[in-house]
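K.L.:
In the order they appear, the protein sequences are chains L and H.
In this text, residue positions in the first sequence follow the numbering used here: the first is 927, and each later residue adds one.
In this text, residue positions in the second sequence follow the numbering used here: the first is 97, and each later residue adds one.
Hints should not be assumed to be uniformly reliable.
[Claimed, not checked] No farther apart than 25 angstroms at their CA atoms in a straight line, the calculated lysine-lysine pairs in the PhoX-like style are these:
id, chain 1, residue 1, chain 2, residue 2
1, H, K118, L, K1023
2, H, K98, H, K163
3, L, K1023, H, K110
4, H, K198, L, K1022
5, L, K1023, H, K198
[Stated by the list, open to error] Which residues of chain H face chain L? A partial, calculated answer using Cβ under 10 angstroms:
id, residue
6, N106
7, I108
8, L202
[Said to hold, decoys possible] Partial list, derived from the structure: chain L residues whose beta carbon lies under 7 angstroms from chain H:
id, residue
9, S982
10, L985
11, T986
12, G1027
None of these hints come from the bench; they were simulated from the model.
None of these values were measured; they are calculated from a predicted model.
Heads up, the beta-carbon is just placed ideally off N, CA and C, and yes, glycines get one too.
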Amino acid sequence: MTSPGNIHPELLYIYTAIFIVVILVILLRTGILLRKRRKKYQIEQQVQSVFDEWLSHLLTEDFPHDDTFVTPPWLAPGRENKIARQYAINQLISTKKNLAGHAGRNIIWLYEKMGLKADSIAKFRSPLWYHKAAGIYELYMMEQRDMQAAIARHTNHHNAYVRMESQTAVLAFAGFDGLIFLDTLTRPMNDWQQLKLIDQLTPLDPGNLEHLSIWLNAGNPDVVLFALKLAGLYQQMHVLEDVITLLKDHREKLREQAIKTLVRVGDENTPSVLIQRYAEETPGNRNTILKSLASMATDKELPFLQTLLEDGDPGVQLQAARIMMKCCHNGEALVKVSSLEPGDTYDQLYLHIKSEMAR
Amino acid sequence: MKILLAEDDNLIRKTIEIRLVKDGHDIISCAEGTTALENLRTNPPDMVITDIMLPSASGLEIVSAVKDVADKPIKVIVLSAMGQEDIVEEAFKLGADDYMTKPFSLTELSIRVKKLSGK
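Hey, can you work out the whole structure from these sequences and the hints?
P.N.:
Below you can see the structure in the form of structure tokens.
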């Protein structure tokens, strides 16, 4: 082992020199970065004071949408105005989120007239994912429908952010028809994105979602999961058989969603279909089945529910008793009879559910 | 009519202000909730237009404060974002007279102001 005393002094000088150079490089880069940021902030502050005043007047005026409009020199295309133009795009998008009607139409017209669309397209065509995603966002926020086909080609992009922005964009352009991207989606679509897309579609008319069956049979589990959510939300009864088939899927998460969807698209046979699956299911999915039965069980399910009263899990017993008392005609009497038998378990269950029902 | 406008987005505040001034109103505009509350007490307006989400004091606090300062009836219009229905409901319980969901039309806001002012 080399002791500190054995290190050659020249080597120490070299290490020290390298260390000092590295520190200097880091300090220099930090300094440059801070200077750039300060410069950007200062330019933004200067632009803000002029731009906000200028735009707010324009938005409240009936200015002619023709060639008489002249882009202010501080916003003219060119590298020297890059920061100002990006500030303008951000402000136009932010304002469009707040103002509709005439002002909203003016915003889009200004975006196009000042050539800001070209800036967004340049970002969209950038090889850097963060520029590409930002470009897509700007283009769909500014309703540039002529870019729909080009953006749609990125709905299965290898970068998750580009993919998500593209999917959001095609839905913004085409509503439910934009979901066609699910036909070819092979990459993941996370829960957050699924929620976001569903939220985006909420105010629109779904029609009959013709491709739903294709998506429910897709190889991508995220597409199947999303399709199950859509089927449930929009009560697409025509895919009932597909949903029932998914109850036997090897992936637990898909089976769980299929159970939830079945409650929304099912028929009078659904409770017995769920009961048949109960014994095969994981504890989590069994709980989901019981929660589902709570809204659809009838007297036909009484024998099954009575067997659950004997279950070793008090949670299952409680859930079964609750369903019996709420959904079955003589369910309350049956739970009460059980409560009179030796032991105080059922008595506690009965009283607990009674107090729940009284609330 | 004297209108207190509380909106934290500089550009939106300015745009609404210009539109309402064109309609012949006097505007006191504030970017923060506490400034709006202060103005409400020191210089009571005839109408308040407030965003729900404001820095330092929320739009609900402003709606609530209107009752305390009013020795005259002050009309209140609440500006909310999509999905803030619960807060809007709360605002109505506190005494708001009308609401608009963003994105909204300036013309519609102008009409509602006229309608509430009884002109």
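K.L.:
Each hint needs a verdict: does it hold in this structure or not?
P.N.:
Consistency of the hints with the structure:
At roughly 23 angstroms between alpha-carbon atoms, K118 (chain H) and K1023 (chain L) fall within 25 angstroms of each other, so this suggested pair holds. Straight-line distance between C-alpha atoms of K98 (chain H) and K163 (chain H) comes to about 17 angstroms, which keeps the hinted pair within the 25 angstroms bound. With a CA separation close to 16 angstroms, the supplied pair K1023 (chain L) and K110 (chain H) stays within the 25 angstroms bound. Between the alpha carbons of K198 (chain H) and K1022 (chain L) the distance comes to roughly 9 angstroms, so the proposed pair stays at or under 25 angstroms and holds.
Proposed proximity of K1023 (chain L) and K198 (chain H) is supported: the alpha carbons are some 7 angstroms apart, at most 25 angstroms. Given hint, N106 (chain H) at the interface with chain L, holds; its Cβ is 5 angstroms from that chain's nearest Cβ, closer than 10 angstroms. Restraint check, I108 (chain H) versus chain L: the minimum CB separation of about 5 angstroms is within 10 angstroms; hint holds. Below 10 angstroms, beta-carbon pairs count as interface contacts, and L202 (chain H) has one with chain L at about 5 angstroms; its hint therefore holds.
For S982 (chain L), the interface hint holds, the least distance from its beta-carbon to any beta-carbon of chain H being 4 angstroms, beneath 7 angstroms. Because the beta carbon of L985 (chain L) sits about 5 angstroms from the nearest beta carbon in chain H, less than 7 angstroms, this interface hint is met. At a threshold of 7 angstroms, the smallest CB-CB gap from T986 (chain L) to chain H is about 5 angstroms, leaving the interface hint in force. The restraint placing G1027 (chain L) at the interface with chain H holds, with a minimum CB-CB distance near 3 angstroms, inside the 7 angstroms limit.
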